[in-house]
Amino acid sequence: MPKAPCLTVRTAYVLEHMLKHFLLALFALLTAPAFAASVSQQPNTRVELVSEVKAPAPGQRFSIGLVMTPKPGWHTYWKYPGDSGIETRATWANAPGMAVSPFRYPVPETYVISGIMNHVYGHENVLLAEVDVPQNASGALPLQVKLDWLVCDDQICVPESATLLLPLTTGDGRADPAQQARFADARAALPRTLTEPARFASEKGRIRIEIPLAGTEQIRAAHFFAIADDTLLFAAPQTITRTDSALIIEADAVPASSPQAVEGLLRIERADGVMGLEVRATLGAVAAGQPLAASAGAASVTSAFLTAFGLALLGGLVLNLMPCVFPILSLKALSLARSGHSEAAARKEGLAYTAGVVLVTTLLGAAAIMLARAGAGAGWAFQLQDPRVILLLMLLTLAIGLNFAGLFEMQLGGVSAGQALAAKPGAKGAFWTGTLAAFVATPCTGPFMAGALGAALVLPPVAGLAVFAGLGLGLALPFLAIGFVPALRRRLPKPGAWMVTFRRILVVPMLLTALALAWVLGRQAGAEGLTLGLLFALIVGLGLWWLGLRQHGSGRTLLPAAVAIVAALLAPAALARLPQSAAAEPQAGSGLASVAFSPEKLAALNAASTPTFLYFTADWCLTCKVNEKGALASDAVAQAFEKAGVTVMVGDWTRPDPAIARFLEQRGRAGIPLYLFYAADGTVEELPQILTVDQLTKLARPG
Amino acid sequence: MIKTFLAAAAIVIAAPALANAVVGQPAPAFSATDSMGRTQSLAAYKGKPVILEWTNADCPFVKKFYSGGDMQKLQTEARKQGAVWLTINSGAPGKQGHLDPAAINAKMKAQGSAPTAYIADPTGEIGKAFGARTTPHLFVIDSAGTLVYAGAIDDQPTADPADIGKGRNYAMAALADVKAGKPVQVATSRAYGCSVKY
Numbered sequence: 001m002p003k004a005p006c007l008t009v010r011t012a013y014v015l016e017h018m019l020k021h022f023l024l025a026l027f028a029l030l031t032a033p034a035f036a037a038s039v040s041q042q043p044n045t046r047v048e049l050v051s052e053v054k055a056p057a058p059g060q061r062f063s064i065g066l067v068m069t070p071k072p073g074w075h076t077y078w079k080y081p082g083d084s085g086i087e088t089r090a091t092w093a094n095a096p097g098m099a100v101s102p103f104r105y106p107v108p109e110t111y112v113i114s115g116i117m118n119h120v121y122g123h124e125n126v127l128l129a130e131v132d133v134p135q136n137a138s139g140a141l142p143l144q145v146k147l148d149w150l151v152c153d154d155q156i157c158v159p160e161s162a163t164l165l166l167p168l169t170t171g172d173g174r175a176d177p178a179q180q181a182r183f184a185d186a187r188a189a190l191p192r193t194l195t196e197p198a199r200f201a202s203e204k205g206r207i208r209i210e211i212p213l214a215g216t217e218q219i220r221a222a223h224f225f226a227i228a229d230d231t232l233l234f235a236a237p238q239t240i241t242r243t244d245s246a247l248i249i250e251a252d253a254v255p256a257s258s259p260q261a262v263e264g265l266l267r268i269e270r271a272d273g274v275m276g277l278e279v280r281a282t283l284g285a286v287a288a289g290q291p292l293a294a295s296a297g298a299a300s301v302t303s304a305f306l307t308a309f310g311l312a313l314l315g316g317l318v319l320n321l322m323p324c325v326f327p328i329l330s331l332k333a334l335s336l337a338r339s340g341h342s343e344a345a346a347r348k349e350g351l352a353y354t355a356g357v358v359l360v361t362t363l364l365g366a367a368a369i370m371l372a373r374a375g376a377g378a379g380w381a382f383q384l385q386d387p388r389v390i391l392l393l394m395l396l397t398l399a400i401g402l403n404f405a406g407l408f409e410m411q412l413g414g415v416s417a418g419q420a421l422a423a424k425p426g427a428k429g430a431f432w433t434g435t436l437a438a439f440v441a442t443p444c445t446g447p448f449m450a451g452a453l454g455a456a457l458v459l460p461p462v463a464g465l466a467v468f469a470g471l472g473l474g475l476a477l478p479f480l481a482i483g484f485v486p487a488l489r490r491r492l493p494k495p496g497a498w499m500v501t502f503r504r505i506l507v508v509p510m511l512l513t514a515l516a517l518a519w520v521l522g523r524q525a526g527a528e529g530l531t532l533g534l535l536f537a538l539i540v541g542l543g544l545w546w547l548g549l550r551q552h553g554s555g556r557t558l559l560p561a562a563v564a565i566v567a568a569l570l571a572p573a574a575l576a577r578l579p580q581s582a583a584a585e586p587q588a589g590s591g592l593a594s595v596a597f598s599p600e601k602l603a604a605l606n607a608a609s610t611p612t613f614l615y616f617t618a619d620w621c622l623t624c625k626v627n628e629k630g631a632l633a634s635d636a637v638a639q640a641f642e643k644a645g646v647t648v649m650v651g652d653w654t655r656p657d658p659a660i661a662r663f664l665e666q667r668g669r670a671g672i673p674l675y676l677f678y679a680a681d682g683t684v685e686e687l688p689q690i691l692t693v694d695q696l697t698k699l700a701r702p703g
Numbered sequence: 704m705i706k707t708f709l710a711a712a713a714i715v716i717a718a719p720a721l722a723n724a725v726v727g728q729p730a731p732a733f734s735a736t737d738s739m740g741r742t743q744s745l746a747a748y749k750g751k752p753v754i755l756e757w758t759n760a761d762c763p764f765v766k767k768f769y770s771g772g773d774m775q776k777l778q779t780e781a782r783k784q785g786a787v788w789l790t791i792n793s794g795a796p797g798k799q800g801h802l803d804p805a806a807i808n809a810k811m812k813a814q815g816s817a818p819t820a821y822i823a824d825p826t827g828e829i830g831k832a833f834g835a836r837t838t839p840h841l842f843v844i845d846s847a848g849t850l851v852y853a854g855a856i857d858d859q860p861t862a863d864p865a866d867i868g869k870g871r872n873y874a875m876a877a878l879a880d881v882k883a884g885k886p887v888q889v890a891t892s893r894a895y896g897c898s899v900k901y
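Those sequence lines, one after another, are chains A and E.
Start counting the first sequence at 1; every next residue gets the next number (this note's numbering).
Start counting the second sequence at 704; every next residue gets the next number (this note's numbering).
One or more of the hints may lead you astray.
[Said to hold, decoys possible] Mimicking BS3-like on lysine-lysine, the simulated pairs with C-alpha atoms at most 27 Å apart in a straight line are:
#, chain 1, residue 1, chain 2, residue 2
1, E, K776, E, K766
2, A, K146, E, K869
3, A, K79, E, K869
4, E, K798, A, K71
[To be verified] Quick look at which bits of chain A chain E covers, simulated, 3 or more residues with Cβ under 8 Å:
#, stretch
5, 244–250
6, 260–267
7, 471–485
[What the hints assert, rightly or not] The calculated label-pair distances, taken between Cβ atoms and stated as ranges, are:
#, chain 1, residue 1, chain 2, residue 2, range
8, E, G870, A, T239, 30 to 40 Å
9, E, A732, A, E130, 35 to 45 Å
10, E, G750, A, T243, 51 to 61 Å
11, E, G785, A, P197, 30 to 40 Å
12, E, K885, A, D272, 49 to 59 Å
13, A, P255, E, K885, 42 to 52 Å
14, A, E130, E, G870, 26 to 36 Å
15, E, D866, A, T239, 33 to 43 Å
16, E, T849, A, E130, 16 to 26 Å
17, E, G868, A, P134, 30 to 40 Å
18, A, T239, E, D803, 56 to 66 Å
19, A, A37, E, G868, 48 to 58 Å
Derived by calculation from the structure, the hints in this document are not laboratory data.
From the three backbone atoms N, C-alpha and C, an ideal C-beta is built for every residue, glycine too.
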């Protein structure tokens, strides 16, 4: 009981304390702007302020993003909005000393209504800005911004505004893992800067801009978003042409304008996505271009498909004459012409053969498409990049050659001797012959059909598969015709003793194919690999010899059998030693051994005082490619670097890479080419964009 | 997908290109019937400066100037200086802001608008001849019939009435230059606002 009053007093105190805090909190809430949250849902747009860092450290520079999501059918605007529209404006009210950079905008889209061009985003877009935290910052670091933007659909425009508050506090400055993906995507959507000089010319009311770029044959479509309104008319149709080293944009100029420079953003659509490049062009001569690659034209998927399909069909047809296929096909055809085949059986064999061929080409095509989609950069005949596949093909062609030579015969199911491997009768035999022909045909297909099959990889998957099937159909067509047209069969020479001679002659193209494959194997796997391959060839030869001796009923089979068994036992061990793939070689196109760029690795190299040559490249960067084929490919440079223990590090920016983007940002460099030399003494030198051998070898010289 | 693309391409091609009236050259001639049924032609106003104002009463950037009576004031002021002020609406029937003559007159009465005339241009013929892209979009023609200014009304590209008078009113400045017989200082600017609903 005596304790009760005390308790009461204490409770009252606590209550009073709580009430005070509650009122203070309420007061703070009421005095804050009405929408001061980090997210605001306006009638047509949702806006959200996000930070890459949850608790920024004093002195840190970190990124924030403004995520703008217009309603479906609505759009917000690029910084330079085109004929109408307005950029998004921000008025910051931050903690003292907090400086926020202007927004960086992602690559926009065009939106034309009634001849009025709008540079817009019709979907979620993230504007990025950098925030500098003062050195003496501590405690709360709120970022508050009043935003005004315009959001329109095809009919009306609505200005919207919101005030957003990001309640940050100082801390360890670590990146927020929850935001990592969003910021990576946002950086990937930013345009990159082309530091190579672009040129433009204006005459007769037209402006032509030449933008240096590599890989222009991969470009399907492009648009140049002009910044100023005194260069090219925003809404004027743009004619895009290309040379091997540039993209050329041509459009009507703004009447009576005489710009001294044309600035803008080039949006490029390639099979692997969309990218933007910031461009500044000055007056100069502009080359004449050719139309964009037909197979890359986004406007004509159908015609691209028909072209690719037609080429594939034709290519398949021609493949029949290739040394890898012709022997198989001709013997098979002759066997079909043999008397005793009924019409129905001939047709059935023709269809079965076709099925076998089409199945293999389609399956290989499907695998190629899947690999290409997965970003493995594989093309048709990807399987030929694997030396083991080359080895298999070589052994197969060797076996076929030896079969033709009469070393052994195929005897399955008691079929009469004298049949060639590729000439088993019956639908089943025809099917397997088809698969064999298609598989053996692949080494001939690769170089021969590159165009059409390359196109097949960028077409929609179903269309791409159809192109591969078309290749198979072309390959099977002659045999199919022979199966279905009796007149053709009758025209084929009557089988007879001459066929044995013919078969022996066909050994030559078959073994030539094997020889060509052996050469490829040597290129891929080196002398050691080639030697192993030839050892396998020996095993196969001995094995087949043994088989042949048995078939001929000879008793002396022991010696070859023993050799074959010993060799076969050794083979698995040897196989394991074959290099997996030729891709293990250092960076193609450059004589320098290099490691891939990573900021951590670079920091480690710097910490270890290892001289490091760091450069960034991309498939589309022309100067980069020129340097890689020139100075960087020189043996003198490679030797000098090796002597001086220089590590070469390469950042490939062909695809957006947040780590590279951030590195360039930190160096205050928006674009590539960029060549940096980190000397052992810790100094960093930025090299000019055009590299020379002298320059590079000098770097590697000690002192 | 191909169909959609072709349809989109067809629309883009079918849309007549916007011409661009060139500053320093004779303004494109036109003759049209205003909301009162009178014929308005540019040629008839030779000898007087003419201001063309593209409008769309539902556009927030137009409302910015009409809601507080600012555009009305500019119209009165310009006419007092001896200029002709033609308000033009190139909105197509069925699109936002399109008005027939009766509705135009009612709107003008309600807003207290004071242009010399208000012309409905539902086919967009006049708008396209001048290259009018936004509402508002202003053009100033000197007394010789030469286009001397094309662009925004002022340098405050917002829809906020509070920004009116903060910066420079390009159209009125151009008119002042014309009246003073001086070359127009700022002869072009980037028009801002909603797109003209052709």
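Results for each hint:
no. : hint                          : result
1   : K776/E <-> K766/E             : 14 Å, holds
2   : K146/A <-> K869/E             : 19 Å, holds
3   : K79/A <-> K869/E              : 22 Å, holds
4   : K798/E <-> K71/A              : 20 Å, holds
5   : 244–250                       : violated (count 0)
6   : 260–267                       : violated (count 0)
7   : 471–485                       : violated (count 0)
8   : G870/E <-> T239/A: 30 to 40 Å : 38 Å, holds
9   : A732/E <-> E130/A: 35 to 45 Å : 53 Å, violated
10  : G750/E <-> T243/A: 51 to 61 Å : 55 Å, holds
11  : G785/E <-> P197/A: 30 to 40 Å : 51 Å, violated
12  : K885/E <-> D272/A: 49 to 59 Å : 56 Å, holds
13  : P255/A <-> K885/E: 42 to 52 Å : 24 Å, violated
14  : E130/A <-> G870/E: 26 to 36 Å : 28 Å, holds
15  : D866/E <-> T239/A: 33 to 43 Å : 40 Å, holds
16  : T849/E <-> E130/A: 16 to 26 Å : 47 Å, violated
17  : G868/E <-> P134/A: 30 to 40 Å : 36 Å, holds
18  : T239/A <-> D803/E: 56 to 66 Å : 41 Å, violated
19  : A37/A <-> G868/E: 48 to 58 Å  : 33 Å, violated
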